[in-house]
Amino acid sequence: KAGVTQTPRYLIKTRGQQVTLSCSPISGHRSVSWYQQTPGQGLQFLFEYFSETQRNKGNFPGRFSGRQFSNSRSEMNVSTLELGDSALYLCASSVTGLAGTDTQYFGPGTRLTVL
Amino acid sequence: AQSVAQPEDQVNVAEGNPLTVKCTYSVSGNPYLFWYVQYPNRGLQFLLKYITGDNLVKGSYGFEAEFNKSQTSFHLKKPSALVSDSALYFCAVGFATSGTYKYIFGTGTRLKVLA
Chain A
1 KAGVTQTPRY LIKTRGQQVT LSCSPISGHR SVSWYQQTPG QGLQFLFEYF
51 SETQRNKGNF PGRFSGRQFS NSRSEMNVST LELGDSALYL CASSVTGLAG
101 TDTQYFGPGT RLTVL
Chain B
1 AQSVAQPEDQ VNVAEGNPLT VKCTYSVSGN PYLFWYVQYP NRGLQFLLKY
51 ITGDNLVKGS YGFEAEFNKS QTSFHLKKPS ALVSDSALYF CAVGFATSGT
101 YKYIFGTGTR LKVLA
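Chains as they are written, first to last, in the working numbering: chain A, 1 to 115; chain B, 1 to 115.
Calculated directly from the structure, the hints in this document are not laboratory data. Please read all numbers here as calculations on a predicted model, not as lab measurements. The reader is advised that the hints may include incorrect statements.
[Stated by the list, open to error] Cut-off 20 angstroms, straight-line C-alpha distance, at most; resulting in silico cross-link-like pairs (EDC-like, lysine to aspartate or glutamate):
(1) B:Lys-112 with B:Glu-15
(2) B:Lys-102 with A:Glu-52
(3) B:Lys-58 with A:Asp-102
(4) A:Lys-57 with A:Glu-75
(5) B:Lys-112 with B:Glu-8
(6) B:Lys-77 with B:Glu-64
(7) A:Lys-13 with A:Glu-75
(8) B:Lys-77 with B:Glu-66
(9) B:Lys-102 with A:Asp-102
Please work from the sequences and hints to get the whole structure.
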């Protein structure tokens, strides 16, 4: 069974640009959640999608958005990039979601560098 | 304000000894509680979570955690530590607010198991 895949693995952008990151969950998983990890702010929850609907959202500005497709693949978009958006972006998938009882599986992450 | 705390930046334990990594939280309502582990160069992994039910939760790699409502704690434990358990451990709490759930992470505890 293939694991969670994230593309691209590395990305370099400049301030003001926008970026789209992709997450392909394990087959059969309907929940995808996104996280940001930085040395300064640590781990932060971005949002959770379940069956194409945003279920929960963290405290991030509107520049951060996401969506989920009918095949459960998810994308997150960051517009008007700032230096502080440089981070490792992680996604995780599960069958029932964060409020369910099953295991989350994480992807390897996308490392975004904003210059 | 809702918060989660991991009071120890680092925990050292001898191989074979029991280990405890502490987590306390301050949220209103009934929380969801999580433990994650991050090994060097291996990404983030889910260990266990408490949603409801039995206060003692068993997870991956022989870890367990006990939800203690009166002490607002969710300490991670293992009866016999292995050198391979050395990693960075994160506690997280989910709480209901304004019709949605938010999730916040502790700052992490570095566990070092000494041979």
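For each hint, the structure was consulted:
no., hint, result
1, B:Lys-112 with B:Glu-15, "9 angstroms, holds"
2, B:Lys-102 with A:Glu-52, "19 angstroms, holds"
3, B:Lys-58 with A:Asp-102, "12 angstroms, holds"
4, A:Lys-57 with A:Glu-75, "14 angstroms, holds"
5, B:Lys-112 with B:Glu-8, "12 angstroms, holds"
6, B:Lys-77 with B:Glu-64, "5 angstroms, holds"
7, A:Lys-13 with A:Glu-75, "17 angstroms, holds"
8, B:Lys-77 with B:Glu-66, "8 angstroms, holds"
9, B:Lys-102 with A:Asp-102, "19 angstroms, holds"
In the structure shown, no violation is registered for any of the earlier numbered hints.
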